[in-house]
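Student: Residue numbers (numbering that gives the first Met the number 0), protein chains in the order written: chain A, 0 to 332; chain B, 0 to 239.
Just the calculated beta-carbon pair ranges, DEER-fashion:
1) A/Thr-215 x B/Ser-6: 35 to 41 Å
2) B/Pro-45 x A/Glu-322: 26 to 32 Å
3) B/Pro-225 x A/Ser-66: 55 to 61 Å
4) B/Pro-167 x A/Glu-322: 44 to 50 Å
5) A/Ala-209 x B/Asn-180: 25 to 31 Å
6) B/Asp-24 x A/Arg-147: 44 to 50 Å
Don't read these hints as lab results, they were simulated from the structure. By construction, the Cβ of each residue, glycine as well, lies at the ideal position given by its N, Cα and C atoms.
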Amino acid sequence: MIFMNIERPGMYSMFQDLGRCGHQGIGVSVNGPMDEWSHRLANALVGNPKDAAVLECTLSGPRASFSEDVVFALCGASMNASVNGLMVPQNCAVYLRRGALLDVGDRISGARVYLAVRGGGLASPAVLGSRSTNSRAGFGGFNGRALRKDDRVPFFAPGKDDFTLRIEKYGLQSGLTLVAGPQLPSTPPYAPGDLVRFVAGPHWAAFTEAARSTFTSEPYKVSPQSDRMGSRLSGTLLRLTRPLELISEATVFGTVQVPPDGSPIVLMADRQSAGGYPKIGYVLSADLPKVAQLLPGESLRFQEASQVEAERSWRTFKTRLSEVCEAAAASLT
Amino acid sequence: MANPKLSHMRIEPVGERCLLIRLGDGVSLETNQLVHAVTALLEAHPLPGVVEVVPAFNSVAVHFDPMAYAAGRGLPTAQLTRQLEQALKRDLSALSGEGRLVEVPACYGGEFGPDLEEVAGHCGLSVEETIALHSGTPLTLYVFFFAPGNPFSGPLDPRLSIGRRSSPRTRVETGSVAIANGLSAIYAATSPGGWNVIARTPWRMFDVNNDPPARLRLGDRLKFKPITREEYDQLLETRP
Numbered sequence: 000m001i002f003m004n005i006e007r008p009g010m011y012s013m014f015q016d017l018g019r020c021g022h023q024g025i026g027v028s029v030n031g032p033m034d035e036w037s038h039r040l041a042n043a044l045v046g047n048p049k050d051a052a053v054l055e056c057t058l059s060g061p062r063a064s065f066s067e068d069v070v071f072a073l074c075g076a077s078m079n080a081s082v083n084g085l086m087v088p089q090n091c092a093v094y095l096r097r098g099a100l101l102d103v104g105d106r107i108s109g110a111r112v113y114l115a116v117r118g119g120g121l122a123s124p125a126v127l128g129s130r131s132t133n134s135r136a137g138f139g140g141f142n143g144r145a146l147r148k149d150d151r152v153p154f155f156a157p158g159k160d161d162f163t164l165r166i167e168k169y170g171l172q173s174g175l176t177l178v179a180g181p182q183l184p185s186t187p188p189y190a191p192g193d194l195v196r197f198v199a200g201p202h203w204a205a206f207t208e209a210a211r212s213t214f215t216s217e218p219y220k221v222s223p224q225s226d227r228m229g230s231r232l233s234g235t236l237l238r239l240t241r242p243l244e245l246i247s248e249a250t251v252f253g254t255v256q257v258p259p260d261g262s263p264i265v266l267m268a269d270r271q272s273a274g275g276y277p278k279i280g281y282v283l284s285a286d287l288p289k290v291a292q293l294l295p296g297e298s299l300r301f302q303e304a305s306q307v308e309a310e311r312s313w314r315t316f317k318t319r320l321s322e323v324c325e326a327a328a329a330s331l332t
Numbered sequence: 000m001a002n003p004k005l006s007h008m009r010i011e012p013v014g015e016r017c018l019l020i021r022l023g024d025g026v027s028l029e030t031n032q033l034v035h036a037v038t039a040l041l042e043a044h045p046l047p048g049v050v051e052v053v054p055a056f057n058s059v060a061v062h063f064d065p066m067a068y069a070a071g072r073g074l075p076t077a078q079l080t081r082q083l084e085q086a087l088k089r090d091l092s093a094l095s096g097e098g099r100l101v102e103v104p105a106c107y108g109g110e111f112g113p114d115l116e117e118v119a120g121h122c123g124l125s126v127e128e129t130i131a132l133h134s135g136t137p138l139t140l141y142v143f144f145f146a147p148g149n150p151f152s153g154p155l156d157p158r159l160s161i162g163r164r165s166s167p168r169t170r171v172e173t174g175s176v177a178i179a180n181g182l183s184a185i186y187a188a189t190s191p192g193g194w195n196v197i198a199r200t201p202w203r204m205f206d207v208n209n210d211p212p213a214r215l216r217l218g219d220r221l222k223f224k225p226i227t228r229e230e231y232d233q234l235l236e237t238r239p
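Excised from the complex, chain A in its bound form:
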């Protein structure tokens, strides 16, 4: 077991694995990472299985030390991360001497950074088959909540049978506090610029022509009320031609629903399992990490895509992610 001693938790830091599937039927949200790309990459960079629970930090990261020498990776938002004043690079494996103080600090760009630790991630008991934190219901992850000062967080240590990484050998031999592995080029295949692609939803035609035109041309700003449940957007209000009486049905990661106030919400990782508001569209899964990395005050523009483009772009996304993860694994040995 490796312990992470938290001196400063960061604004909102909690553990997520790939999510809690199989219990939406009794009303349990999936949770899981907001940015699936960075989460997966962080695990791959340290040789973890893809379902290891990773620390997701929103807006600012932790200041913490580890009880053993560790190999970790930081992916996602670009952060001011340092150890003893030395800059810590991201998108690579990093060897850190036990007791050294890692300070992930403030963000430079992006909203969420992922910290994976080699060995298999958070060593808490799985709850309903997952180590993802359900902060609303208060279970999963580390004690069902975001990290606090003075928390002592257990991680699985690499097993005896796990091969020693090149960076671990070098770290031990060199006596250095901090050693960084090769950085991987990692640009997810998002839509360019501020564009976020979507497929029209079942109630697309129930919105006024003005609303449909506005939705696909004007920028929408991420509001400060956004959270892991939904990215709430502000901009020109979207109106229906007449009120709709809807029966609640399944929602997915990326459903864009429009409550009666007319401001769209992109449902994110902590969404409820069902919802009853009109659905103007579904954000392409491939563009969701981009939405997850937007800060309150930043804006996006929606661009309509076909179902064919949506499904092809998801295959491209997954294929590219596998390639990057294989390259990461190859760079470890």
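Following the hints, complete the assembly by docking chain B onto the known chain A.
Tutor: Chain B only, in chain A's frame:
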């Protein structure tokens, strides 16, 4: 042979990773029983890549991994749609069994049911008649959502016809029994809410340490049993 019960079935993509099987237009016991039968069938005969089958009032969501379907054989949603259509030709009749009858204790009115008198007034009933109509006939548990273990059941007696409150409450207590739009719900956890709160149950609806964690099951027939404040205090279970 197509399944005659599924003649109104429509299957549509919900993004790239989910299909929705629509089984009817409104909320009814009959449609919901079909929902539960389809869910049971798809759980008993898992299709490739399907990670979760989630029933709602009149639809079933099938969440899946598109990478389980080969490129070049059509879109993954189209491939899975064909498989679902095939799978749903099986006999559903054996799968729509009658649920358990569960007596749910509920203390009506007062601080536990702040909207009881308003509901009675709106429906042109006395408070006693309102309680009798709500607790008189079993309601079928259609779906869980909103919070873990949070049940929605129906159909309510048509004389209890009322919409949501015009201004939602910022705090509805755990265990609150509430009605709106022909349905009865129990708030499994304290949260904001817009339904008409008429009673409170001392039961805990969800405990992650129990197996199964939800107190009730889909398809259960819930018969609310009026209890006194003293009985409520005796029966009170630990709140989440």
